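Engineer: What follows is the residue order along each chain.
There are 2 protein chains.
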Amino acid sequence: MNGAEAVVASLRACGVEVFFANPGTSEMHLVAALDAEPGARAVPCLFEGVATGAADGYGRMTGRPAATLLHLGPGLGNGLANLHNARRAATRLVNLVGDHATYHKPLDAPLESDIDAVAGTVSGWVRRCRDSRTAGADAAAAVAAATAGRGRVATLILPADVSWSPGAAAAGAVPRASRPTTGPSAETATEYAVADDAVAEAAAALRCGEPAALLLGGPALREPALREAARVAAASGARLLCETFPARLERGAGLPAVERLAYLPEGALAQLRGARHLVLAGARSPVSFFAYPGTPGRLVPEDCRVYDLTGPDSDVRGTREALAHLADRLPGSHGTPATPGPAEPLTPTGPLTGETVAAAVGALLPEGAVVVDEANTSGLWLPAATAGAPRHNWLCLTGGAIGQGLPLAVGAALACPGQPVVCLEADGSAMFTPQALWTMAREGLDITVVVYANSSYAILEMEYDRLIAPSAAPGSEPGSEPGCGPARRDLLDLSRPVLDWAGIARSMGVPAARATSAEEFTAEFARALAEPGPHLVQACVPALFGPPSPAGAPKADRVP
Amino acid sequence: MNGAEAVVASLRACGVEVFFANPGTSEMHLVAALDAEPGARAVPCLFEGVATGAADGYGRMTGRPAATLLHLGPGLGNGLANLHNARRAATRLVNLVGDHATYHKPLDAPLESDIDAVAGTVSGWVRRCRDSRTAGADAAAAVAAATAGRGRVATLILPADVSWSPGAAAAGAVPRASRPTTGPSAETATEYAVADDAVAEAAAALRCGEPAALLLGGPALREPALREAARVAAASGARLLCETFPARLERGAGLPAVERLAYLPEGALAQLRGARHLVLAGARSPVSFFAYPGTPGRLVPEDCRVYDLTGPDSDVRGTREALAHLADRLPGSHGTPATPGPAEPLTPTGPLTGETVAAAVGALLPEGAVVVDEANTSGLWLPAATAGAPRHNWLCLTGGAIGQGLPLAVGAALACPGQPVVCLEADGSAMFTPQALWTMAREGLDITVVVYANSSYAILEMEYDRLIAPSAAPGSEPGSEPGCGPARRDLLDLSRPVLDWAGIARSMGVPAARATSAEEFTAEFARALAEPGPHLVQACVPALFGPPSPAGAPKADRVP
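Going down the list, the protein sequences come from chains A and B. Under UniProt numbering, the first residue of the first sequence carries the number 1, and numbering increases by one thereafter. Under UniProt numbering, the first residue of the second sequence carries the number 1, and numbering increases by one thereafter.
Simulated from the structure, these hints should not be mistaken for lab results. It should be emphasised that the depicted structure is a prediction, and the values quoted were computed from it without experimental measurement. Take these hints with a grain of salt, some might be off.
Heads up, the list lumps identical chains together, so a pair's fine if it works in one copy or across two of them.
[Unchecked claim] Here are the simulated SDA-like pairs of lysine to any residue, each with C-alpha atoms no more than 25 Å apart in a straight line: (1) K105 to S285; (2) K105 to R489; (3) K105 to P166; (4) K105 to D116; (5) K105 to A253; (6) K105 to G209; (7) K105 to A270.
Using the sequences provided together with the hints, build the complete structure.
Structural biologist: Rendered as structure tokens:
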């Protein structure tokens, strides 16, 4: 057995089933090893950001790591943005990066680069295989690292000569006790022991009668923990909030509703205003996404005490236990909290906007759907419109690195073959990883992609106006709106030329349609959901923010 | 003046004209600063790999740095692969990366990451602006670093609060004497002083009568140096070779022809076999692109002495001087060496293949063209077919990170408004950065893109067969060819579904056509060259390597 075969066999023995791959010459032995290993599924990705984003989606939905297969430093670089998102999602993921042969590295061949330095920025664990004889154990250690505590990105760097050298052996799963952790809390949570002191402190705070909030994140947003959190909120009167961009939020009819913290600091500050006690469960103390002059970065009010119920690395079971213990310590906490019932299906009519798209999605979302949300500004109405839809999962842009949605949908669809995936994509974000559409076609994945085609980086139009005072905005021509110089126009406007998203999808083998009214969109969205395999609906909506187009047309007329 | 304004004004004062940009919230003040600065050209790129590759193309053609504008760590990550290529090309490039406000960084907001670590892997110079008052000087220092010696990637990290804080001042160009260098040779070369010892040693070697070769690279491949190198070769009988993937090779009718070192080590070893003396001018001692079991990584024969004429950081003028001095020391070196005359224009007929595409390109290539070559296996016939074409520049994949070609063409076209750009792209490579097509349309760039649509990672089909012995190739089904298991088929074959490149181009605003015969290709290629603005021709060619398609059809029938 050579090193590559040992790595693949060990990953398989540790439960890794899917390999999202864009290999190169230095990974050919890994490709051969995949062929030698029954049950290994190799999924081709035509860009590494698709591979890493798909592995993230797979890990979020299964709780088990998928592997990526990347080619040297540049391949890792191409996958870096979605590894950043996976890191922020605490996704279990094994990142496999090929490298030059050990004896070739000192020659500084054209593709030589510092893989370790780049990998370290997104990985909770990095190891370089030194010898084929330890390659199997290294692979097993990677899975153990990826699955310890809540989860993390584990990167294994595999030199070509380690891959092709004999003397290797497959290794099985590493026992839990010897797994790496990020601290004592990881092991504690994994063993489902609850920190009694933390529970007692939080219970005292919630019983004292002062205004309080419960901020949920990560594992607290899965059904078992969410139901206990709702009991806590019902018994204490604490406001039930969750982080702005959850990795995976279970929601819909019958599940406790939880309010997401706003993206802009003003909104989040308003949600937390007056709270004297903030109990964190699976969440970190909230901070602003970006800094703005004169706005605080920490969002917790100054006179508010923060209680961390679970520690940073608790998993679903540990978080649920902690919340259950907390609920049990509150008076009257044994009733059933109210949960939203199913919403009336209302299909929208009239002009196509973010609002009418959201209404159609809310009306048609199928039971058990996985919703990937990278809708950005166009998605403002989605949370309310889908709150009473049949039960579903909601996957967000955890790390803010756009280009996540289409790849995430690929991974989620492979993880959940029986569940429809709905991918709601802003056009600017979708352009970062359009190659994912081809993998959807290749694998015949049941994904309905909606591209909000507003032909604008609308969120930047908003941020520009927030950051640059109109009086300070340069380049305005006389008579035009302030703050609309040529650089702003050229860099934030995507309408010259307008992107034909239906055409892009069809060119990669995905059937597609274009909708310009709510009725058209509803019909095309319903058709896409009803038919198997991937579909794309280009929703031509006006941009929510931004100056008029250069031609002077009102915003709504800018859509094709 | 705020920090962002000082940075943009200083870059402009130091000669930076073009900003290839994909900004985010933390870079909005830089966008406003671009509007405040007359003469700054902001070019929107819908993916950061387009921005960095375009800056590389611009730098290769002008010798002056363009700036990129990237959003935090993930934006830098998306641009990393083409920065790797730019580093290998020794391109002058200023990489501008926005970051969170200094006081926001410790909060570990979702987009926080270790930008410095990632930047260090591709940059010859990295600096983080600490204060708006030094921002202008930092920007000037970045240009000085980028343009010292032969050139390098200089990365300046600009926190948002440094951008928006007042008290900044623009800085002018840094005097040459205080510029950073990579060693004594850099300054020497910049001052056009020739190392007499190196010249004398090389001259003695070339005069001794033993077989010798001259290996050119980097600045030695520009006309002034190339003519001197040809004199050296003519006078000494040394074989005239150049590196495998030059950043910019001037060639065509009337220029000395130079033979590129082969990609595969066996080929390069054959080219260098028997040489007892190898003189390097602007080139490094050659090594194999990848390691293969049983093949040496260093390509220089064991009994061959190597002479470095110029050092690693010489520029065009220094390299030319050194070669001229060397030629002057050789007997009979004052004649004019033979150069190829114009080739007969022969337009091909019959099936469309890599060979007939090359013939059409050779027959139709316009005077002064800039050819971007990422044709990979399909381009095997290009060097011979274009050797006698009118004078042109040939830009290669310097670092081996595919996805370079389309962005490089964008930058080259902006750098050379009067010159046609011909971009020869393998389909697998083109899929890494297709977003460049949109920028071509937005800017109305005169680029003719040829996509070799062989629906295969054909180079990997070749490498797989080189690396995995047929007897060892797993997963073969009984009766099929050896070494063609499902993972290999799934990961190296791009034909399910076939990519519609003409459709992808049209969807991004680039007129496109599809050609399936040599006659069709010739007509469409000629039309694309004749019309202004960008065009794409999808050349449906068979793959040069690989097993039969799963359906069992012969290779040539696999094309759509």
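Engineer: None of the hints should be skipped; say for each whether it holds.
Structural biologist: Okay, the hints, checked on the actual structure:
1. Taking identical chains as interchangeable, the C-alpha atoms of K105 and S285 lie at most 25 Å apart only when they sit on different chains, with a minimum of 15 Å there against 43 Å within one chain.
2. In this homomeric assembly, K105 and R489 never come within 25 Å of each other (Cα to Cα): the closest approach is 46 Å inside a single copy and 29 Å across copies.
3. Taking the shortest alpha-carbon separations for K105 and P166, only the intra-copy value of 20 Å comes in at or below 25 Å, while the best inter-copy value is 47 Å.
4. Taking the shortest Cα distances, K105 and D116 sit within 25 Å of each other both inside one copy (13 Å) and across copies (23 Å).
5. For the identical chains of this complex, K105 and A253 are neighbours neither inside a copy (56 Å) nor across copies (39 Å), given an alpha-carbon limit of 25 Å.
6. In the homo-oligomer, the alpha carbons of K105 and G209 never lie at most 25 Å apart, since the shortest distance is 64 Å inside one protomer and 35 Å across protomers.
7. Proximity of K105 to A270 under the C-alpha cut-off of 25 Å is restricted to the inter-copy arrangement: shortest distance 23 Å between copies versus 55 Å within a copy.
When held up to the earlier numbered hints, the structure conflicts with 2, 5, 6 and fits the remainder.
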